[in-house]
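Peer 1: All chains, full assembly: derive it from the sequences and hints.
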Amino acid sequence: MAEDKVKKEKVGRHQMPEQAPEVRRRNFKEVPLGYTAEMAQAEAGRCLQCKKPACVEGCPVGVPIPEFINRIAEGDFVGAILKLWEKNSLPAVCGRVCPQENQCEGQCILGKKDQPVAIGNLERFAADWARGRSEVPMPPLKPKTGKKVAVVGSGPGSLTVAGDLIRKGHDVTIYEAFHKPGGVLVYGIPEFRLPKEIVAAEVNFLERLGVKVECNAVVGRTVTVDELLENEGFDAVYIGVGAGLPRFLGIPGENLMGVYSANEYLTRSNLMKAYLFPEYDTPLVKGQHVCVFGGGNVAMDALRTAMRMGCDDVKCVYRRSHEEMPCRAEELHHAEQEGIQFFYLHNPIRFIGDERGWLKAVELQEMELGEPDESGRRRPVAKPGSTKTIDCDMAIIAVGSGANPLVTATTPGLVVNKWGYIEADEAGKTKKPKVWAGGDIVTGAATVILAAGAGRKAADSIHQHLTWGW
Amino acid sequence: MFQILSKTELAQGTVVANEIMAPKIAAKARPGQFVILRVNETGERIPLTMADTDPKRGTITIIYQVVGKTTALLKSLNVMDYIQDIAGPLGRPTPIEKKGTIICVGGGTGVAVLHPITRGFKQAGNKVIGIIGARTKDLLIMEDKMRAATDELYVCTDDGSYGHAGFVTDVLREQLTKLGSEVKEAVTIGPVPMMKFCAKVTAEFGVPTMVSLNAIMVDGTGMCGCCRVSVGGKTEFACVDGPEFDGHKVDFEELGRRLTAYQKQEKEAMDLYQHKCSCAANQ
Ligand SMILES: Cc1cc2nc3c(=O)[nH]c(=O)nc-3n(C[C@H](O)[C@H](O)[C@H](O)COP(=O)(O)OP(=O)(O)OC[C@H]3O[C@@H](n4cnc5c(N)ncnc54)[C@H](O)[C@@H]3O)c2cc1C
Ligand SMILES: Cc1cc2nc3c(=O)[nH]c(=O)nc-3n(C[C@H](O)[C@H](O)[C@H](O)COP(=O)(O)OP(=O)(O)OC[C@H]3O[C@@H](n4cnc5c(N)ncnc54)[C@H](O)[C@@H]3O)c2cc1C
Ligand code: SF4
Ligand code: SF4
Ligand code: FES
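Respectively, the protein sequence lines represent chains A and B.
Mapping the first sequence onto my numbering, position 454 (from 1) lands on 454, and the numbers just tick up by one.
If you count the second sequence from 1, you need to add 1000 to reach my numbering.
Hint data in this document are derived by calculation from the structure and do not stem from the laboratory.
Some clues are possibly wrong.
What the hints assert, rightly or not - Here are the simulated DSBU-like pairs of lysine-lysine, each with C-alpha atoms no more than 35 Å apart in a straight line:
| hint | chain 1 | residue 1 | chain 2 | residue 2 |
| --- | --- | --- | --- | --- |
| 1 | B | K1056 | A | K434 |
| 2 | A | K144 | B | K1028 |
| 3 | B | K1178 | B | K1007 |
| 4 | A | K273 | B | K1127 |
| 5 | A | K147 | A | K168 |
| 6 | A | K196 | B | K1200 |
| 7 | A | K434 | B | K1028 |
| 8 | B | K1234 | A | K383 |
| 9 | A | K144 | B | K1024 |
| 10 | B | K1024 | A | K434 |
| 11 | A | K388 | B | K1234 |
| 12 | A | K286 | B | K1264 |
| 13 | B | K1075 | A | K196 |
| 14 | B | K1024 | A | K147 |
| 15 | B | K1276 | A | K29 |
| 16 | A | K360 | B | K1200 |
| 17 | A | K273 | B | K1276 |
| 18 | A | K147 | B | K1028 |
| 19 | A | K286 | B | K1196 |
| 20 | A | K360 | B | K1127 |
| 21 | A | K418 | B | K1264 |
| 22 | A | K147 | B | K1267 |
| 23 | A | K273 | B | K1007 |
| 24 | A | K286 | B | K1075 |
| 25 | B | K1234 | A | K286 |
| 26 | A | K286 | B | K1267 |
| 27 | A | K196 | B | K1028 |
| 28 | A | K273 | B | K1264 |
Peer 2: Next comes the structure, spelled out in structure tokens:
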């Protein structure tokens, strides 16, 4: 047995097959193609089944990693998905989009000498394998409690709350402003990274368990939180409306045509399927010279979408350096492979338009790294006298987002901090009775797994409240 | 899904009114608010103002001008058909209070948007002067309704085929000169150039003026920034900060330019749609 393990250690990480860069840069199909069962079992075999698994420490929700991997290794895929579901309601999504290199895989002991176990890929495999299979048992539903919970928004946090509470016997209705549920998973993250079919399957699964989904319901306008509690008979409300307020740069020329917020650009292409225009009616301009400002996942998604829309000159303009890029390592790697150019240590200072009001160029300021700031990263400062103007007929601003006040401003009694994010305790309880909140509207823009984790804690707390009155 | 209960063609079929079953929206809507709708699964989201609501029947009325693919598609739907998605009410309601004399100026389809606001001001006890205009008599809409909602109504046509021959701005200037400081506020809704010139006239008389901006929108909830407009040098989102703004501060040139952003694609979509329609008709 011990000998076995020594042998296994020598096997390198099983790379997931991918579409070739020169092919995928012009289509919207998913980039990594998934493991076969054999590959998954072989990769699972690399795991040392540590007694004190460091990987679990790295996962924000404490997925029982060695346990689910062990089941894959043994070919018990049903067992693997059941293990994953214990802690993570959305493994097909998290396996694809978690920043694994900073979380589970970043801690994996194998990573010290070799490459870490491909935990994300395995998670994705188990979830993909299980989707729609009859041999995977439906989760048991507790008898109906007669209590009703309203969930505002339908991002990963909200989907988790809904799934957990319906199983515990409560009635759940999701209210979503858009015409499709899924939150950032459908309007923000592109098809080539997270096929919308997967999100639809997750929502469909919840609906089969009895969750009601009401789209086109703009809470704060169509109905307020107080009305849900007082007139519609809900016993609790969970607010998971995300960080849906685009941040602009505040520089001259920002309202020229051709300048987009990443939210608009990605909503048009993902939710509205503008990449299929004119089959779908929503238009989007192509751009000959595209610049995306920012260095996070949102920026990577915008860059790679612009490339797929048919532009050959796509630049990422980031004010810090390569080391500080906050995006997932895999996205940066994929973007580089696809031919995106990177302008590190540059900051836009002015958009320049033509006589018709279209963007035609952008003036950039060169930066250098100064002293570390509060975040511990070295602060970029302007290099005196060094600016340049480059051709740019489409600019996408991806420098973060803030709290959208639509719900908070119409919900008296809810306390928000100075940035407009809702104040809530560890369990998601807000200062307003019967109201919980979680995900990006509490923490500021974060990650899918953190939102899902917050949803699970809130669901537990809501359940306790509905059961014991706490 | 939202069922269409009635369909009326106005202005020789270039403008259509639909009454639609949407109880939740009808219960909440106030004058000045709009909805965003999507006709079908492949459709675009477009904003349309509620020209009327009937909370008892649970209906809203939209009146739209057929200008492109989506409005043409919408017109192709008949009574009993369904619109896939409607979200609302969106935007801030018009602040309506008793102020004295109010002048309401509407041009083209803008009259439909103006009507509930006009009625609101009248019901609040104001003296309301209405001025409505169209290119020609046949394109004029809602004259009767506007007459009922105002104390005095003036009608203009660009070609002189009906009422005053000329622009609404002429009558507006006349009224402002005649009434002087009695006029406490002007509301003007219509094509961008019309609102711009009306606001210029009222500025001369120092009359506060509200305009309703029809920026291109996507979500309508302040999430994308597509609808941004410059008002007094500040960027505002028309969908959540508006759609109504101080007409003396709006950068109309910028708004007019931004409305042309997708001209090429809009034409492509319309041509393709009309081509498909004519093919189907020939079969
Ligand atoms: C482009 C992009 C790429 C990203 N990539 C990654 C990644 O690779 N990995 C990762 O971990 N994280 C990523 N993130 C971050 C991650 O998606 C978010 O942290 C997460 O989705 C937050 O979840 P949430 O539950 O707070 O709700 P959200 O997903 O933000 O969803 C909120 C939902 O609420 C709805 N809503 C808003 N207001 C109202 C209202 N008034 N009434 C009703 N509904 C309302 C919205 O329409 C939306 O559907 C990315 C984000 C973006 C934008
Ligand atoms: C808050 C608001 C309320 C509105 N209320 C009404 C209403 O009550 N009745 C009505 O007839 N119209 C109204 N509009 C305008 C209406 O939304 C557009 O006419 C519609 O989106 C055009 O869609 P289309 O596909 O038919 O035409 P397109 O093919 O998209 O465009 C054709 C023409 O319309 C212009 N246009 C495109 N999109 C918009 C837009 N979002 N807003 C304004 N012009 C646009 C284009 O510049 C082009 O000239 C409103 C707009 C806003 C923002
Ligand atoms: S949820 Fe994310 S962090 Fe946790 S194990 Fe899965 S991929 Fe890793
Ligand atoms: S740390 Fe790595 S090797 Fe150890 S249990 Fe976790 S995944 Fe397996
Ligand atoms: S339409 Fe998106 S912010 Fe106004």
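Peer 1: Just pull the numbers of the violated hints for me, sorted ascending.
Peer 2: 3, 4, 6, 20, 21, 22
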